[in-house]
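> One letter stands for each residue in the lines below.
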Amino acid sequence: MFHWNGRGDRPALLTEKDVWSYERLTEEADGIAAHVGRRCLVFLLTKNVPEAIAGYVGFLSHGIVPVMVDAALDAELLAELVVRYRPSFIWTPQARKAEFVGAEGAFSLGDYVLLDRRETAPFPLAEELALLMTTSGSTGSPKLVRQSYANLEANTASIIEYLHITPEERAITNLPLHYVYGLSILNTYLTAGASLVVTEKSFFSREFWRLMREQRVTSLGGVPYTYAMLKRLRFFQMDLPALRTLTQAGGKLDPELHAAFAEDCAQKGRRFFVMYGAAEATARMGYLPAELACAKVGSMGKAIPGGRFELLDDAGKIVTEAGRIGELVYYGDNVTMGYATSGKDLSRGDERQGRYVTGDLAQFDADGIYTIVGRKKRFLKIFGKRTNLEEVEHILRRWLAETGSSAEVACAGVDDHLYVFVTDGAMAGKVVPYLSSKLGLHFSAFAAKFIPALPKSASGKTLYRELEQYYDV
Amino acid sequence: MNDNMKKYLEVFETMFQVDEAKAKTLNYQDVVAWDSIGHMDLIATLEDTFDIEMETNDIIDFSSFAKGVEILRKYGIDLGE
Numbered sequence: 006m007f008h009w010n011g012r013g014d015r016p017a018l019l020t021e022k023d024v025w026s027y028e029r030l031t032e033e034a035d036g037i038a039a040h041v042g043r044r045c046l047v048f049l050l051t052k053n054v055p056e057a058i059a060g061y062v063g064f065l066s067h068g069i070v071p072v073m074v075d076a077a078l079d080a081e082l083l084a085e086l087v088v089r090y091r092p093s094f095i096w097t098p099q100a101r102k103a104e105f106v107g108a109e110g111a112f113s114l115g116d117y118v119l120l121d122r123r124e125t126a127p128f129p130l131a132e133e134l135a136l137l138m139t140t141s142g143s144t145g146s147p148k149l150v151r152q153s154y155a156n157l158e159a160n161t162a163s164i165i166e167y168l169h170i171t172p173e174e175r176a177i178t179n180l181p182l183h184y185v186y187g188l189s190i191l192n193t194y195l196t197a198g199a200s201l202v203v204t205e206k207s208f209f210s211r212e213f214w215r216l217m218r219e220q221r222v223t224s225l226g227g228v229p230y231t232y233a234m235l236k237r238l239r240f241f242q243m244d245l246p247a248l249r250t251l252t253q254a255g256g257k258l259d260p261e262l263h264a265a266f267a268e269d270c271a272q273k274g275r276r277f278f279v280m281y282g283a284a285e286a287t288a289r290m291g292y293l294p295a296e297l298a299c300a301k302v303g304s305m306g307k308a309i310p311g312g313r314f315e316l317l318d319d320a321g322k323i324v325t326e327a328g329r330i331g332e333l334v335y336y337g338d339n340v341t342m343g344y345a346t347s348g349k350d351l352s353r354g355d356e357r358q359g360r361y362v363t364g365d366l367a368q369f370d371a372d373g374i375y376t377i378v379g380r381k382k383r384f385l386k387i388f389g390k391r392t393n394l395e396e397v398e399h400i401l402r403r404w405l406a407e408t409g410s411s412a413e414v415a416c417a418g419v420d421d422h423l424y425v426f427v428t429d430g431a432m433a434g435k436v437v438p439y440l441s442s443k444l445g446l447h448f449s450a451f452a453a454k455f456i457p458a459l460p461k462s463a464s465g466k467t468l469y470r471e472l473e474q475y476y477d478v
Numbered sequence: 199m200n201d202n203m204k205k206y207l208e209v210f211e212t213m214f215q216v217d218e219a220k221a222k223t224l225n226y227q228d229v230v231a232w233d234s235i236g237h238m239d240l241i242a243t244l245e246d247t248f249d250i251e252m253e254t255n256d257i258i259d260f261s262s263f264a265k266g267v268e269i270l271r272k273y274g275i276d277l278g279e
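Line by line, the protein sequences are chains A and B.
Residue numbers for the first sequence, in this note's numbering: 6 to 478.
Residue numbers for the second sequence, in this note's numbering: 199 to 279.
Keep in mind that the hints are not guaranteed to be accurate.
[To be verified] Pairs of lysine-lysine residues, derived as DSSO-like cross-links and limited to a Cα-Cα distance of at most 30 Å, are as follows:
{"hint": "1", "chain 1": "B", "residue 1": "Lys205", "chain 2": "A", "residue 2": "Lys301"}
{"hint": "2", "chain 1": "B", "residue 1": "Lys222", "chain 2": "B", "residue 2": "Lys204"}
{"hint": "3", "chain 1": "A", "residue 1": "Lys461", "chain 2": "A", "residue 2": "Lys443"}
{"hint": "4", "chain 1": "A", "residue 1": "Lys386", "chain 2": "B", "residue 2": "Lys220"}
{"hint": "5", "chain 1": "A", "residue 1": "Lys382", "chain 2": "A", "residue 2": "Lys466"}
{"hint": "6", "chain 1": "B", "residue 1": "Lys265", "chain 2": "B", "residue 2": "Lys222"}
{"hint": "7", "chain 1": "A", "residue 1": "Lys443", "chain 2": "B", "residue 2": "Lys222"}
{"hint": "8", "chain 1": "B", "residue 1": "Lys205", "chain 2": "B", "residue 2": "Lys222"}
{"hint": "9", "chain 1": "B", "residue 1": "Lys220", "chain 2": "A", "residue 2": "Lys206"}
{"hint": "10", "chain 1": "A", "residue 1": "Lys206", "chain 2": "B", "residue 2": "Lys204"}
{"hint": "11", "chain 1": "B", "residue 1": "Lys265", "chain 2": "A", "residue 2": "Lys322"}
{"hint": "12", "chain 1": "B", "residue 1": "Lys205", "chain 2": "B", "residue 2": "Lys272"}
{"hint": "13", "chain 1": "A", "residue 1": "Lys102", "chain 2": "A", "residue 2": "Lys206"}
{"hint": "14", "chain 1": "A", "residue 1": "Lys454", "chain 2": "B", "residue 2": "Lys272"}
{"hint": "15", "chain 1": "A", "residue 1": "Lys148", "chain 2": "A", "residue 2": "Lys102"}
{"hint": "16", "chain 1": "A", "residue 1": "Lys461", "chain 2": "A", "residue 2": "Lys382"}
{"hint": "17", "chain 1": "A", "residue 1": "Lys435", "chain 2": "B", "residue 2": "Lys222"}
{"hint": "18", "chain 1": "B", "residue 1": "Lys220", "chain 2": "A", "residue 2": "Lys435"}
{"hint": "19", "chain 1": "B", "residue 1": "Lys272", "chain 2": "A", "residue 2": "Lys435"}
{"hint": "20", "chain 1": "B", "residue 1": "Lys265", "chain 2": "A", "residue 2": "Lys236"}
{"hint": "21", "chain 1": "B", "residue 1": "Lys265", "chain 2": "B", "residue 2": "Lys220"}
{"hint": "22", "chain 1": "A", "residue 1": "Lys435", "chain 2": "A", "residue 2": "Lys454"}
{"hint": "23", "chain 1": "A", "residue 1": "Lys236", "chain 2": "A", "residue 2": "Lys206"}
{"hint": "24", "chain 1": "A", "residue 1": "Lys454", "chain 2": "A", "residue 2": "Lys466"}
{"hint": "25", "chain 1": "B", "residue 1": "Lys205", "chain 2": "A", "residue 2": "Lys435"}
{"hint": "26", "chain 1": "A", "residue 1": "Lys435", "chain 2": "A", "residue 2": "Lys148"}
{"hint": "27", "chain 1": "B", "residue 1": "Lys205", "chain 2": "A", "residue 2": "Lys236"}
{"hint": "28", "chain 1": "B", "residue 1": "Lys204", "chain 2": "B", "residue 2": "Lys272"}
{"hint": "29", "chain 1": "A", "residue 1": "Lys382", "chain 2": "A", "residue 2": "Lys148"}
{"hint": "30", "chain 1": "B", "residue 1": "Lys220", "chain 2": "A", "residue 2": "Lys454"}
{"hint": "31", "chain 1": "B", "residue 1": "Lys220", "chain 2": "A", "residue 2": "Lys443"}
{"hint": "32", "chain 1": "A", "residue 1": "Lys454", "chain 2": "A", "residue 2": "Lys381"}
{"hint": "33", "chain 1": "B", "residue 1": "Lys222", "chain 2": "B", "residue 2": "Lys272"}
{"hint": "34", "chain 1": "A", "residue 1": "Lys386", "chain 2": "A", "residue 2": "Lys322"}
{"hint": "35", "chain 1": "A", "residue 1": "Lys382", "chain 2": "A", "residue 2": "Lys435"}
{"hint": "36", "chain 1": "A", "residue 1": "Lys322", "chain 2": "A", "residue 2": "Lys382"}
{"hint": "37", "chain 1": "A", "residue 1": "Lys206", "chain 2": "B", "residue 2": "Lys272"}
{"hint": "38", "chain 1": "A", "residue 1": "Lys301", "chain 2": "A", "residue 2": "Lys148"}
{"hint": "39", "chain 1": "B", "residue 1": "Lys272", "chain 2": "A", "residue 2": "Lys236"}
None of these hints come from the bench; they were simulated from the model.
Construct all of the structure, not just a fragment, from the sequences and the given hints.
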């Protein structure tokens with residue numbers, strides 16, 4: 006990845022005050038990598054700044070394996086990840102330096118510093134391992150996805166092909182880099198020789214929209230919640246003449262929003278791509294071609310170039326009829342090697358062999374266009390972030406035990422609405438503030454309900470279905 | 199305090215879980231709940247409460263309780279004082 010030549014002073018990264026050419030990006034990236042100096046594990050605490058991107062480019066192009074971690078991750082959860090994976094170096098904003106006791110500053114660039122942990126017992130790394138991504142940004146889950154160099158190259162090439170990303174295109178970093186969708190935008194735009202406007206500004210600042218206009222951003226990506234916000238921000242009335250492409254991923258877009266954006270884009274001569282993916286498939290597995298955006302509202306499309314979908318029924322047989330529901334399975338070179346739950350897993354090889362069982366339930370229509378209709382696994386997307394309900398339950402159980410409560414807890418819900426059921430009335434009122442701060446997610450996504458006893462099966466398993474009657478949405 | 203002000207205050211008090219005195223001096227990001235997502239909820243609730251539709255720049259500029267009073271006035275919502 007990122008072995009580009011002959012791009013010289015063409016712009017790679019644009020900030021409010023500065024332009025980083027491809028040449029400068031390469032130099033800075035090489036400089037950071039040189040201070041690491043060997044293949045090893047590095048924690049990269051991500052912010053949308055050029056220094057973080059330079060670290061990423063430097064590590065990937067020099068065989069150094071980064072774990073992409075949100076720079077805003079809770080300190081306790083970050084410390085647990087460090088203990089579990091024993092990174093040799095940390096590339097972090099200065100502000101979090103003090104948390105890494107005993108680590109020495111080896112190099113700095115802008116607001117970022119390279120810390121050498123003097124790790125004496127690092128875990129061995131599999132030869133093809135390129136990158137580790139968290140499966141959930143906010144629960145600090147120790148479960149990481151192991152991505153190979155071949156995975157990244159395959160997915161990047163495929164996305165560039167179906168989105169037709171040319172060197173003239175320009176994206177903006179409104180999604181985080183510890184998130185596979187945000188990272189895939191970085192990978193594809195840089196590989197295509199295009200440029201990226203790098204900002205930490207949000208939609209809620211005039212500065213963001215000023216950058217969109219002045220830097221003539223051509224492409225904007227977002228998760229379902231982003232689209233809900235854009236609509237409320239009167240996006241349809243904004244004057245953004247350079248904008249040509251909108252992409253959506255990170256969960257199923259509400260069909261009403263899908264229709265509204267598809268129609269608005271069609272009128273303005275823009276392309277709107279609804280897409281489908283997962284960290285386990287590097288980033289992208291499916292996309293709805295822009296010309297079908299209006300006709301196939303609610304659908305996520307077909308497999309990306311080089312990939313293939315298949316549906317399996319309950320008996321494990323391949324579904325061949327349109328309209329029948331089955332579990333979605335994806336085949337492609339971007340299917341990652343597998344998970345790691347601790348440092349000793351980093352030496353493991355490819356455990357998936359190009360096949361990923363998604364856990365999503367889907368159907369296809371007569372034109373072979375797929376629609377996601379449900380989910381087999383127990384997780385929700387909260388504001389586009391995958392949130393594993395079992396991990397949230399684990400966090401809550403530990404917290405309840407620490408406060409001396411022996412209450413039982415169960416989590417359920419739908420996207421953007423997580424319900425916590427707890428058998429202790431006094432604790433119920435404290436759940437929402439605790440979870441909101443622990444996960445760094447807005448409290449409106451959570452509701453806590455007191456329940457005298459959890460519904461259980463004869464074998465003692467929680468019956469989550471029976472909790473659905475308590476949802477307010 | 200007129201009816202509009204009562205409604206306006208109530209929105210702040212419920213949304214951001216603050217009392218009247220705190221609500222009146224509240225700025226964007228003063229409390230955890232008033233982040234970008236809380237902001238969108240605030241705008242949607244105010245639009246429903248007063249049956250108005252705000253423009254992008256007004257949504258972005260809605261940076262405090264006091265600033266909101268000014269902005270709502272532009273939409274013909276008189277909050278007194």
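> Which hints, by number, does the structure contradict?
1, 4, 10, 11, 14, 19, 38
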